[in-house]
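Protein chains: 2
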Amino acid sequence: MNVAVDAMGGDHAPEMVVQGAVEAVSELGIDIILVGHEKKIAKALNTRPAHGHISFHHCEDVVEMDESPLKALRKKKDASIKVAFDLVKDGHADAVISAGNSGATLAAGVLSLGRMKGIERPAIASIVPTEKGRVILIDAGANVDCRPAQLFQFGVMAQAFACSFLGMTDPKVGLLNIGEEEGKGNEQVRLAHELFERSELNFVGNVEGRDIPMGDVDIVVCDGFVGNVVLKLIEGNVEAMGRVIERDLMSSFFGRVALALARKPINGFKRKLDYEEHGGAPLLGINGVGVICHGSSSAKAIKNAISMAVQYVNNMVLEKMSLQLKASKIG
Amino acid sequence: MNVAVDAMGGDHAPEMVVQGAVEAVSELGIDIILVGHEKKIAKALNTRPAHGHISFHHCEDVVEMDESPLKALRKKKDASIKVAFDLVKDGHADAVISAGNSGATLAAGVLSLGRMKGIERPAIASIVPTEKGRVILIDAGANVDCRPAQLFQFGVMAQAFACSFLGMTDPKVGLLNIGEEEGKGNEQVRLAHELFERSELNFVGNVEGRDIPMGDVDIVVCDGFVGNVVLKLIEGNVEAMGRVIERDLMSSFFGRVALALARKPINGFKRKLDYEEHGGAPLLGINGVGVICHGSSSAKAIKNAISMAVQYVNNMVLEKMSLQLKASKIG
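Each protein sequence line maps, in turn, to chains A and B.
The first sequence lines up with residues 1 to 331 when you count with the numbering used here.
The second sequence lines up with residues 1001 to 1331 when you count with the numbering used here.
In short, the hints are calculated from the structure, not lab data.
These numbers were taken from a predicted model, which means no experiment stands behind them.
Some hints here could point you the wrong way.
Derived coverage of chain B by chain A (criterion: at least 3 residues anywhere in the stretch with Cβ under 8 Å from a Cβ of chain A; other residues may be distant) [claimed, not checked]:
no. : region
1   : 1236-1243
2   : 1248-1257
Only pairs whose alpha carbons sit at most 27 Å apart, straight line, appear in this in silico DSSO-like list of lysine-lysine [what the hints assert, rightly or not]:
no. : chain 1 : residue 1 : chain 2 : residue 2
3   : B       : Lys1117   : A       : Lys264
4   : A       : Lys184    : B       : Lys1326
5   : B       : Lys1172   : A       : Lys232
6   : A       : Lys320    : A       : Lys172
7   : A       : Lys184    : B       : Lys1039
8   : B       : Lys1117   : B       : Lys1326
9   : B       : Lys1184   : A       : Lys71
10  : B       : Lys1117   : B       : Lys1089
11  : A       : Lys232    : A       : Lys326
Built from N, CA and C at the ideal position, the CB exists for glycine as well.
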C-alpha cells in the first residue's frame, strides 16, 4: 500500500503533515510518498528519524487556501495536489490525502482520475459525532449549488460508503430541510425528496437541523453550502459551549471542585467530538481514493486520515460503491 | 397597549398560549385580545382567575402547522392569524404574537399590513445566544430562496433592530458563507457581498458557521433555508450535548458528585441557551409588529414573546427602522 500525501497542504504544512506521515508509517506499516517541495519537506523531515518507507516526489507549486481551485490548477501545472492524484492515475500510489484547499483537492481528483459512472458531481462525506453515535453528512462543502439528481446521487454514494466502510446495515437516509412535512423547503429539495422516495434506499424523509446531533438518522443529505455551514457550526458550538461551561464552573468554589472531579469524563466527551479522532472526510464519486483533512490538521489528524485512506482501499469501498450505483440504476 | 394573541397557534394551544397571556397581563399591565375559537379559549381560561384586561375575538378557523401558508389563508378567510393581523390593521391592536405556522404568520402579516417601503421580503430575526452575548440571525426561516438585494435588505433591517431594540451601537454585520475569503460561496452570496461592501453598514465580510456561537459578530445574514437549519441545529446541539455530558458524568462516582456540585452553574448555563427566555423572533419588514414563537412554546415563552412585542412598540422600532431604510436609500 502506497499513500500519496500532499505535504504542502494545510495551515501547518509541511511540518505537521510530515510528522503525521511518519507516525502513520510506524503504526500502519505502509509506504508513503510525500508530494511537495523537496527542500522544505526534507527540512521538516530532518528533525525526525529517517525512514525507509517514506519517499519524496518533488514539485514546485502549491494551491493556496484562498485561491480559486480551477484557476489555480490551470496556472500551476505542477501543484502538489494535482501531482499527488497523478501518482494514483499512473499506478504509483493507491490513495491521496490532503489538508490543503478542499476545492482544489476535489478538482484535481476529478481532473486526474475522472468521475465514477453516473456521478455528476463528487461530494465530501463528513463523519459527524452525534448523541447516539455518528452520522454521515454529505455534501460537506464541495458543491455550493446542487440539482435534485445530484443530491440523490450523494445519498446513494453515502449509503454504499456507510455499508462498506462503517459496516452499517441498511442505513437511514434523511434529506436536510426546514420542516419534516413533505412539500417543505425550496424546489431543489422538494424534487430531491421525490427521487429519494422512489428509490430503494432506506429513506426516512425530511430531517431538520436539530435531528443531526440527535443521531436518529445515519446519513444526512444536503448541498455543500448548507453542509459546510452545518459542519463548521457544530465545531464552533462544541468549542464555545466547552468554554462557557468551564468559565461558569470556574467562577464558583463548588464549580471548581466539580470541574476537578469531572476532568476525566469531560475529556472523554471532548475526544468524542474531536475531528482529529475521525481523520479526514472521503471524497466520494471520483475514480479513486481521496481523503480531505481539516486545514488546521494536527499530526494526529493527518495520521488518522492516512489510516482512513488505507481502510478505504482495503475494504474495497470504491468497488462496492460502483456496484451500488449500478443497482440504483445510476452507474 | 393591546396585543392580539393568536390563541390557536402552536403545539400546546390554546392552553399554554392562554396561560402565557394571563401571566403577561399580570406582569406587564397590558390588554390582550385572545383570537381564536371562543369556546376552546374559554375552556382553557376557565381554570384560571378571571381577568378584566383579557378579551376574546372569536374566529372559526386555524392554519395548521403542516398546511401550505398561502393555500390555507386563501381557503380559511377566518383563520385566527389573519384575523389577529386585521385587528392591528383596523387599529384595535398594536401587535400580534403567534406560535402557529410561521409561514402563515408571515403571509398574514404581509396580506393585512403590507411590506415596509423598499422591502421585497419580510424576514424572521432570531436572537441566538453566543459565548460572548447574542447574535441576530436573519433570515431564520421565512424565505427559502433569496436574491442578493433581499439579503442586503435583511442586513439593513437587522441593523436598525439591533440599535433600536437591543441598544447596540454600530453592530458588526457578517454574511454567512463557506469561507472567509471574498469570492467564496454561491452567486447569491457573492453578489450580496458586493452590496454590503458598498453600504454604510459596519460590514465585517464573510463569516462561517463556527463564527456564530463564538459571537464575534452581532448580525449574521443568510437565506431562510440556511438560517432555519442553523437555528434548529444549535437547539439540537445544546440538547444533545447536555444529555451526553450528563450521561457521561452519571456513569462514574466522581462524575455524580461533580454533577451534584455543579448543578447551579449548569442550570444557569442551560437557561442562557434556552429559547424560552428570549421570547419570540420578530418579523422584520411588515408595516406593523409581529412576533413569531417556537411551535412548542411554553406559557413562559409566550409571556416573554408578548413582552418583546410590547417593548418593540414602546421603543418605536418600526419608526426607527423606517428611517434607517430611508438613510440606506432602500425605503
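Tested hints:
1. 1236-1243: holds (count 7)
2. 1248-1257: holds (count 7)
3. B:Lys1117 <-> A:Lys264: Not satisfied, since the Cα-Cα distance of roughly 57 Å exceeds 27 Å.
4. A:Lys184 <-> B:Lys1326: Distance of about 34 Å is beyond 27 Å: violated.
5. B:Lys1172 <-> A:Lys232: OK: Lys1172 (chain B) and Lys232 (chain A) at ~20 Å, within 27 Å.
6. A:Lys320 <-> A:Lys172: It holds: about 18 Å lies between the C-alpha atoms, which stays within 27 Å.
7. A:Lys184 <-> B:Lys1039: violated (32 Å)
8. B:Lys1117 <-> B:Lys1326: holds (9 Å)
9. B:Lys1184 <-> A:Lys71: holds (13 Å)
10. B:Lys1117 <-> B:Lys1089: holds (17 Å)
11. A:Lys232 <-> A:Lys326: Violated, because 33 Å separates the two Cα atoms, which is more than 27 Å.
Consistency with the previously given hints fails for numbers 3, 4, 7 and 11, ordered from lowest to highest.
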